[in-house]
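First to last, the sequence lines map onto chains A and B.
Each residue of the first sequence is one higher than the one before, counting from -11 in our numbering.
Each residue of the second sequence is one higher than the one before, counting from -11 in our numbering.
The hints are simulated quantities; they were obtained by calculation from the structure and are not laboratory data.
Note that the structure is predicted; figures quoted are calculated from it, not measured.
You may find that some hints are simply not true.
Where chains are identical, the list cannot tell them apart; a pair therefore holds if satisfied intra-copy or between any two copies.
[Unchecked claim] Calculated cross-link-like contacts (lysine-lysine; reagent style BS3-like; alpha-carbon spacing at most 25 Å):
| # | residue 1 | residue 2 |
| --- | --- | --- |
| 1 | 328 | 286 |
| 2 | 312 | -8 |
| 3 | 246 | 4 |
| 4 | 283 | 262 |
| 5 | 283 | 8 |
| 6 | 164 | 85 |
| 7 | 262 | 286 |
| 8 | 34 | -8 |
Listed here are the chains, written in short residue letters.
Number of protein chains: 2
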Amino acid sequence: MTDKTVRFGILGCAVKYASKFVRTVTLLSPNAVILAVGDPSLETAKNFAVSNGLSPETVAVYGSYEEVLDDERIDAVYLPLPVTLRGRWAVAAGGEKKHMVVEKPPAIDAAELESLLEACESNGVQFMDGAIWLHHQRTARIEEMVFNSELLGDVRHIYSTMTTPVPEQALERLSKDAMGSAGAIGELGWYPIGAVLWAMAHELPTFVMALPSSVVTNSSGAILACSASLHYAPTATATVHCSFLSHLSTELAITGSKGSIWVNDYVIPYEEDKASFEYTTGAQFVDMHVGWNVKPEKVTVECGEMSQEVMMLTEFVRLVGGIKSGVSKADRRWPEISRKTQLVIDAVKKSVDVGCKVVYL
Amino acid sequence: MTDKTVRFGILGCAVKYASKFVRTVTLLSPNAVILAVGDPSLETAKNFAVSNGLSPETVAVYGSYEEVLDDERIDAVYLPLPVTLRGRWAVAAGGEKKHMVVEKPPAIDAAELESLLEACESNGVQFMDGAIWLHHQRTARIEEMVFNSELLGDVRHIYSTMTTPVPEQALERLSKDAMGSAGAIGELGWYPIGAVLWAMAHELPTFVMALPSSVVTNSSGAILACSASLHYAPTATATVHCSFLSHLSTELAITGSKGSIWVNDYVIPYEEDKASFEYTTGAQFVDMHVGWNVKPEKVTVECGEMSQEVMMLTEFVRLVGGIKSGVSKADRRWPEISRKTQLVIDAVKKSVDVGCKVVYL
Chain A
-11 MTDKTVRFGI LGCAVKYASK FVRTVTLLSP NAVILAVGDP SLETAKNFAV
39 SNGLSPETVA VYGSYEEVLD DERIDAVYLP LPVTLRGRWA VAAGGEKKHM
89 VVEKPPAIDA AELESLLEAC ESNGVQFMDG AIWLHHQRTA RIEEMVFNSE
139 LLGDVRHIYS TMTTPVPEQA LERLSKDAMG SAGAIGELGW YPIGAVLWAM
189 AHELPTFVMA LPSSVVTNSS GAILACSASL HYAPTATATV HCSFLSHLST
239 ELAITGSKGS IWVNDYVIPY EEDKASFEYT TGAQFVDMHV GWNVKPEKVT
289 VECGEMSQEV MMLTEFVRLV GGIKSGVSKA DRRWPEISRK TQLVIDAVKK
339 SVDVGCKVVY L
Chain B
-11 MTDKTVRFGI LGCAVKYASK FVRTVTLLSP NAVILAVGDP SLETAKNFAV
39 SNGLSPETVA VYGSYEEVLD DERIDAVYLP LPVTLRGRWA VAAGGEKKHM
89 VVEKPPAIDA AELESLLEAC ESNGVQFMDG AIWLHHQRTA RIEEMVFNSE
139 LLGDVRHIYS TMTTPVPEQA LERLSKDAMG SAGAIGELGW YPIGAVLWAM
189 AHELPTFVMA LPSSVVTNSS GAILACSASL HYAPTATATV HCSFLSHLST
239 ELAITGSKGS IWVNDYVIPY EEDKASFEYT TGAQFVDMHV GWNVKPEKVT
289 VECGEMSQEV MMLTEFVRLV GGIKSGVSKA DRRWPEISRK TQLVIDAVKK
339 SVDVGCKVVY L
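Given the sequences, and given the hints that come with them, work out the whole structure.
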């Protein structure tokens, strides 16, 4: 462990995917290390430490979140808490000057996110949400190859989904208390809405609209599914679909004035060590319309051990390292992306609330 | 030539894709033959005959559409006329008891299509529109494999496009006179709207809505681009995008409760002699969310010389042969598909006219 090492604490040990974080930190050694885990249930925290191979000699196991935040050795925290707890504990973490990676959505609405980001800003700490795919080498490759090189031209239409099926008997158990009132729009929509923003260089849409009759709720009013359209003046539209009733799908299709691009696994690539996308550019039907002049090009990006989780944490550790050593200040790009994503989510939720009318941003 | 041979006349020799019809009929020989071509410009008709290798010894070349319809040797006509002329001449062809293949959209609205289909029905002639892709072996394979076998489950969301770029300087020349008032919604939307209907077993949506601000017109009011949503109670939605401002795209993505399917060349396959689609079923993220339990399956259907045009004309010739020999009556399935497609197009156009409000069917 050196002065540059980022020392992590984990707030919340109840969800399976927190194990992925441990695995990623281990791969980053010696630039990052886990020094504490905490959960309101000490037993849950202990079991988590044991099952993830965290040695009691080096890792403190706490029966509360506070103790992790009070641990002065800790530079940064990872928050895989239930969504309705994230905002509160992220604000507390900011108050203790802990840098943080907060699972998505990091708050229940834009107001809570704003107070969270203000806590980070006023305390000079780095914030990053858990939308890992933005850190993937494929994402960078698409930006460089497709957007910047004009292969795609101007974006005309974007389609994106994040759907994952919940067994029918469990749909009734999904609640606003656990998911926040945005329900699937926040939990799942964070991805396709983020993908649209990304494709539009993080420009906010002019307005959004939940598609009439696309909203499905359970008997407690929790939103289980929603489709929405996002509009960019003058000539770009996007549609997104998020649902707990649909099969696992994570699609992103962008149609531009000069080309098209498809990624069907943008959230989590089919395989960890490589990822692909397909595109066409300058496509036309051949004479007599019996085929195309070009076929889709498939581009595969090899990642080796630099999975998207490792890429994300590498970036986070680099930023925190810069702050720790006094070389740089907290990077505002990542919180800004989170802020815009949440603003659009809130607008879609508002559209649902007002009967699927247009909501301007 | 036998009694079973279907003798074709072509109404309109001005468009390039009429040559594809000649090529297809030639491949079908001896079940189909072209005996006449007609165009208001005799020179255009003559040039068409020469450039398509139609011998003046066997093929009559007329300087009008009427003469083709008056030619009693002709069983059936192909109408690659401008869209605003199709309806009128199709009605005339029906009156002369000619079976017909009419390019899509076959009429400018549902009312005109209805009079056309009534003319066919009352004269006992077969009607078919030019949506060739419905006849492709791949289409049948998807129906059989994906829809019927429950690989896909219930359809939850459909996304489909048909976009083809028109050079900027030519966009102003696109007119309602040439395209009909539905513009791109009819000319291009016939495909994605037809694809949604197909995926929903040709059930009409409950309502449709043009997406606000998605509609682009030129200075004469011709519709150049439109996105729309189609809604099926209780839990299926579809979005379609048709545009003369976007790069060539013909995408169809269907997300079901159990699987997903993608076809990016559903209108005209990349290659004439084979076509593919991809699907996943039962997909889940693997433990720790570092990949998927399945990767997309690619299914390729080999067609050989039985291209989708040949498949369509084979079906048409089979149906006309049945009628000619008194064995069967005109098949109502194909006109019914056209009717429903046009009803949805009209509803989307109406939604545009009323400010992108919901229009019930």
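Verification of the supplied hints:
1. Taking the shortest alpha-carbon separations for residue 328 and residue 286, neither the intra-copy value of 31 Å nor the inter-copy value of 37 Å comes in at or below 25 Å.
2. Proximity of residue 312 to residue -8 under the C-alpha cut-off of 25 Å is restricted to the intra-copy arrangement: shortest distance 8 Å within a copy versus 86 Å between copies.
3. In the homo-oligomer, the alpha carbons of residue 246 and residue 4 lie at most 25 Å apart only across protomers (24 Å), although the nearest pairing inside one protomer, at 43 Å, exceeds that limit.
4. In this assembly of identical chains, residue 283 and residue 262 lie within 25 Å of each other by CA distance both inside one copy and across copies; the values are 22 Å within and 13 Å between.
5. For a Cα distance limit of 25 Å, the shortest separation of residue 283 from residue 8 across copies, 21 Å, qualifies, whereas the shortest one inside one copy, 37 Å, does not.
6. In the homo-oligomer, the alpha carbons of residue 164 and residue 85 never lie at most 25 Å apart, since the shortest distance is 30 Å inside one protomer and 64 Å across protomers.
7. Taking the shortest Cα distances, residue 262 and residue 286 sit within 25 Å of each other both inside one copy (13 Å) and across copies (19 Å).
8. With identical chains, the CA atoms of residue 34 and residue -8 are never at most 25 Å apart, being 28 Å at best within one copy and 82 Å at best between copies.
In this structure, the earlier hints numbered 1, 6 and 8 are contradicted, and the remaining ones agree with it.
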